[in-house]
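Keeping the supplied structure of chain Y fixed, place chain A upon it in accordance with the hints.
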Amino acid sequence: MSESELRYAIEKFTKDLANKAESFVSDVTTLEVRTFSMPSTQISLLAGGELDLADQAMADKLRLRAYTKIDFDCDTTVCLPVDANDQIDRSVWDMHQSMVSQALQTRETMLRTMGDALASALEALQRIAG
Amino acid sequence: MAASTFTFSGFSTPEELDPLGIWDLVISPVVPYAAGSDDRGLIWRVDHPTSSREAETALLAQRAKVEQWEYSLDAAARRLADLSPVTSYALGFGAPEAELLAQIAALQSPVLSYGLGEAATAAYHEVYEQANALLLQFKRLIHHFARIETATRGVSVALTAVDWTGDYETVWLDGATASDMGLHLEAVRLALESRHALLRLISVVTSGALSLTLKASVPGGQVLLLPAVYNYVRSILKELERQRPSEPVRTGRLGTVEAGYAWNAGPGSGS
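Residue numbers (our numbering), protein chains in the order written: chain Y, 6 to 135; chain A, 6 to 276.
One should not assume that every hint holds.
Claimed, not checked - Below, a list of computed lysine-lysine pairs in the DSSO-like style, where the Cα atoms sit at most 30 Å apart:
hint: 1; chain 1: A; residue 1: 144; chain 2: A; residue 2: 243
hint: 2; chain 1: A; residue 1: 144; chain 2: Y; residue 2: 74
hint: 3; chain 1: A; residue 1: 220; chain 2: Y; residue 2: 20
hint: 4; chain 1: A; residue 1: 144; chain 2: A; residue 2: 220
hint: 5; chain 1: Y; residue 1: 20; chain 2: A; residue 2: 144
hint: 6; chain 1: A; residue 1: 243; chain 2: A; residue 2: 70
hint: 7; chain 1: A; residue 1: 144; chain 2: A; residue 2: 70
hint: 8; chain 1: A; residue 1: 243; chain 2: A; residue 2: 220
Stated by the list, open to error - Computed Cβ-Cβ distance ranges for the label pairs, DEER-style:
hint: 9; chain 1: Y; residue 1: 86; chain 2: A; residue 2: 72; range: 29 to 39 Å
hint: 10; chain 1: Y; residue 1: 98; chain 2: A; residue 2: 66; range: 27 to 37 Å
hint: 11; chain 1: Y; residue 1: 87; chain 2: A; residue 2: 150; range: 27 to 37 Å
hint: 12; chain 1: A; residue 1: 222; chain 2: Y; residue 2: 80; range: 47 to 57 Å
Note that these hints are calculated values from the structure, not bench results. Where a beta carbon is used, it is the ideal one built from N, C-alpha and C, also for glycine.
One chain only, chain Y, in its complex shape (with noise of 0.2 Å):
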């Protein structure tokens, strides 16, 4: 094992993470957060991580209750279904204002977290190319 495949290695490692801060970079514009429900006939679907969101024919089963959309200019769109008295369900309501609130904190530290990693690939980068 020569001193160059070492080299590569930590070349590798840090320009994933270099990667990783650049596609972060450029998926921060907008903030998602969609809440669901789902009959409890279909409960096996939640057990085991087989749900997979993106997949539409798992998605046919879910019902979309509310979302909202944050973008970094701060625009904000909420999607609520209303009662047949047009009154907001107050338990998604309740809910999805909590991962909302919850979206916002984990992007924070998310955006601090990358901040910290970028600098120390940076920086290790810099020391193998020197």
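Frame of chain Y, contents of chain A only:
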């Protein structure tokens, strides 16, 4: 009464234990620690015996543990930053430092560095494989979605998928109660705080390995020192945990979901 269980699958460590001491790692028998082709996501699952006050207390206790663990990680990072392979032996460092410095000395050895002899080459190869395995696991944390499942007595009530940029998708089982919602929200927080803590561990280990590489002039050091620095940080964390007096568990209502209603199945519900 049975306690809540906390499991984490899709991630592993050399010792097959969660560094935070919270989650039981579910190790797949067909996917060993070092395998890189495993495309399972990261799944955190919390299963409560009942949707009750005890379940809330268990979640709050685990979150307090993550918070304390992060303080300990800061302390470990400071000790690592103060470590110097040049002046070390005269200063009477503790056992974790002595072990790390011995490994640095071994890697500095010309026999290992230049690959002379079969035994030396094998040792070098082993360290390299360990380092690569650690890097692969680290990468899994940033390449996969986080999925958090909450169950009561083995029955799933909610699932949240969080992608790397923070988009959330949550699925609720019709009939979920306010208590279920509060417990799931807290499980999401615990899982994401755990992921963040593991990412910080990675950051401390990789930057510590880089710093020691420069101080000790180990060829290919940042990679080769990863396992040694990882073990060092784990030893410090264990040491600090032993020294810490047990703390009272926080109590209080979870989340922001108000009690007093159950999840409305909504129009078109088949349940």
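Exercise for the section: Determine which of the earlier numbered hints do not hold for this structure and return their numbers in increasing order. Expected result: none
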